[in-house]
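Those protein sequences? They're chains L and B, same order as listed. For the first sequence, this note's numbering gives the first residue as 1, with consecutive numbering after it. For the second sequence, this note's numbering gives the first residue as 392, with consecutive numbering after it.
Honestly, the hints are just simulated from the structure, not real lab data. Please read all numbers here as calculations on a predicted model, not as lab measurements. Worth double-checking, as some hints may not be accurate.
Partial list, derived from the structure: chain B residues whose beta carbon lies under 8 Å from chain L [to be verified]:
1. L403
2. V447
3. M452
4. L539
5. L541
6. T572
7. G580
For lysine to aspartate or glutamate, the following EDC-like pairs were computed, each having C-alpha atoms within a straight-line distance of at most 16 Å [said to hold, decoys possible]:
8. L:K211 - L:E262
9. L:K211 - B:E455
10. L:K211 - B:E407
11. L:K211 - B:E444
12. L:K258 - B:E444
13. L:K173 - L:E59
14. L:K134 - L:E122
15. L:K211 - B:E405
16. L:K374 - B:E544
17. L:K149 - L:D86
C-beta: ideal position from N, C-alpha, C; glycine also.
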Amino acid sequence: MSKNPEELFKERCQRLIDVRNLKEPDYTPFYLVTEEWSVYYHGKYKVGEIHYDYTKCGEVAEHLVRTIPQDAWGGPQWIWPGPMLDALGSKSYKIPGRDLDPNLQEQFPQDKEYMTPEEYPEFIEDPFAFMIEKGIPRRHFELEKSPRKEIALAKGALEFNKWWSYVGSLVVKFIQEYGIPPIVQGLAASSPLGVIEDHFRTFPGICLDIKRRPEEVKAACDALVPVLVKMAEIVYEAPTPFPYIFIPLHIGQFLSPKDFEEIYWPSFKKLAETLIKDGYTPHYYAEAKWTPYIEFLAELPKGTVWIFEEVDFEKVDKLCDNLCFGGTLTTDLLRYGTKEKVISEAKAQMEKFGPRGGFILTVNKDMMDPNDGKPENVVALAKFINEEYRR
Amino acid sequence: MVENISKLISNLKENEVLEEVRKEIESGTDPLKIVNSLKEGMLGIGELWKEGEYFVPEVIMGAEISRQIMEILKPELERSRTKISTKGCVVIGTVRGDIHNIGKNITIALLQAAGFEVFNLGEDVPSEAFVEKVKEVKPNIVGLSGLLTLAVESMKETIEKLQEAGLREQLKIIIGGPFLTEKTREYVGADAFTHSATEGIEKIKSWIGV
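Assemble the whole structure, with the sequences as input and the hints as a guide.
Spelled out as structure tokens, the structure:
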């Protein structure tokens with residue numbers, strides 16, 4: 001007998017809470033964060049169209065949760081809506097259909113520095129003021145001058161509200177009709193160093209800063225922590241059942257363990273501790289290779305979720321009894337494997353790591369491209385989990 | 392001393408090495424000698440990276456030092472009309488649809504240090520541009536770079552276009568990007584794949600026999 005959405009919602013939430021609390025759940029939770037992949041999977045629209053038409057975006061998301069039942073909805077297909085970026089005159093995002101082929105994925109090139117290295121002292125003094133007065137206006141050409149600035153801000157806020165209330169309506173719909181809780185609610189934070197990299201200095205820029213002015217970089221990271229906590233509080237003021245904060249990581253794992261320890265880690269840890277204390281669950285997407293840094297992760301308080309792109313999972317399992325992890329399924333397996341192979345590997349992984357408690361069956365990347373997974377494999381996996389494994 | 396230069400580069404002593412280079416030029420040292428020390432220093436950085444002593448920021452710092460030295464040397468090299476001899480020629484670019492360049496640029500810096508002539512086509516490069524450049528400069532190697540999975544289809548298309556133009560046989564093609572695997576290599580039809588610039592360059596050297 002199939003369960004009604006309310007029952008499904010309750011048991012799925014419990015499963016997610018259990019693994020976050022490192023308790024063995026009834027079944028290992030299974031979900032995929034499928035960004036643009038879900039647009040290709042749906043097949044009717046170009047990615048570029050979806051950026052500007054929220055109804056189409058909702059259609060794509062609903063198709064996903066209807067045909068691939070999962071324990072959580074990973075959120076809409078991108079972070080910021082096209083009309084808002086246009087209203088503000090964003091220079092930093094490349095949107096399909098506007099800057100790229102309409103059938104490609106949104107990209108964030110980091111091709112320009114929005115803060116000079118000489119500005120570190122000013123940033124350290126008051127990072128929030130620097131962000132508002134210099135960082136954001138420099139990254140948006142409509143925000144450079146008054147009175148255009150005020151008009152653009154009003155337009156941008158309006159567009160954001162439209163988008164955000166649409167996402168909110170999807171969340172409610174998916175809970176009521178499919179019993180599926182949201183885990184990623186659209187806004188991403190990052191590590192303090194990641195924020196400086198992404199929005200101010202670029203990847204090569206921050207690498208040079210670490211070598212040329214390590215003390216200033218460290219001080220800037222430390223100064224950012226309270227600002228990032230405040231931003232999380234504003235954005236997640238009324239957390240739904242899942243106060244997850246989606247945090248993609250893309251800088252720390254490129255540093256030497258020495259720089260990682262001295263520059264990256266102190267503010268990272270402080271931010272994680274504060275967010276956990278405030279009742280949030282940092283949900284990290286750990287891009288690239290993480291094995292050299294596992295020992296650091298063991299220092300974190302309980303209550304974080306880690307999806308790894310590439311790591312020695314045995315070692316994480318052994319050393320980190322403080323965290324919930326996932327990422328054992330690879331996009332390569334989903335793309336090039338057979339259905340049977342995908343199912344047998346998934347089953348083996350759930351049997352191996354499931355009993356530890358903190359384990360989520362998920363793929364090692366945000367799925368963005370058709371080559372991140374063959375639809376028939378993903379569908380077969382969801383069917384196996386829901387209809388066979390959990391019977 | 393010109394020999395000092397390579398060591399200062401490997402140790403990432405930015406200010407000291409730039410000062411040293413300027414001093415050498417003033418005292419009339421052959422700029423080619425400085426170029427050789429520069430290459431040696433960059434190779435040292437590549438080695439330290441391979442050994443796990445250095446990480447990406449150190450390599451980027453090395454490439455930045457190397458860029459500054461070449462800027463100082465450029466007028467000298469032009470004046471002395473020196474031609475730098477090469478071990479082979481590589482055409483490289485980030486394939487269509489992908490706009491990322493960090494991995495590619497690190498690879499270029501290390502390829503140049505290893506003595507290769509490199510033609511950098513930039514980012515979001517259509518397959519036709521690779522075909523055109525290959526016809527024009529007849530490289531030994533083509534390097535296709537990408538950060539996102541979407542690059543897979545463009546890599547495949549580029550290799551097919553090179554094939555159609557009858558250029559595939561004379562080339563070795565290497566694809567570079569963090570998401571690549573033996574399965575993707577097979578799918579796109581490249582000769583090798585790599586996640587690391589140093590490993591990729593080793594592969595290229597073994598193909599050319601240097």
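| query | Are there hints from earlier that the structure breaks, and if so, what are their numbers? | reply | Number 7 - this is the single hint that the structure violates.
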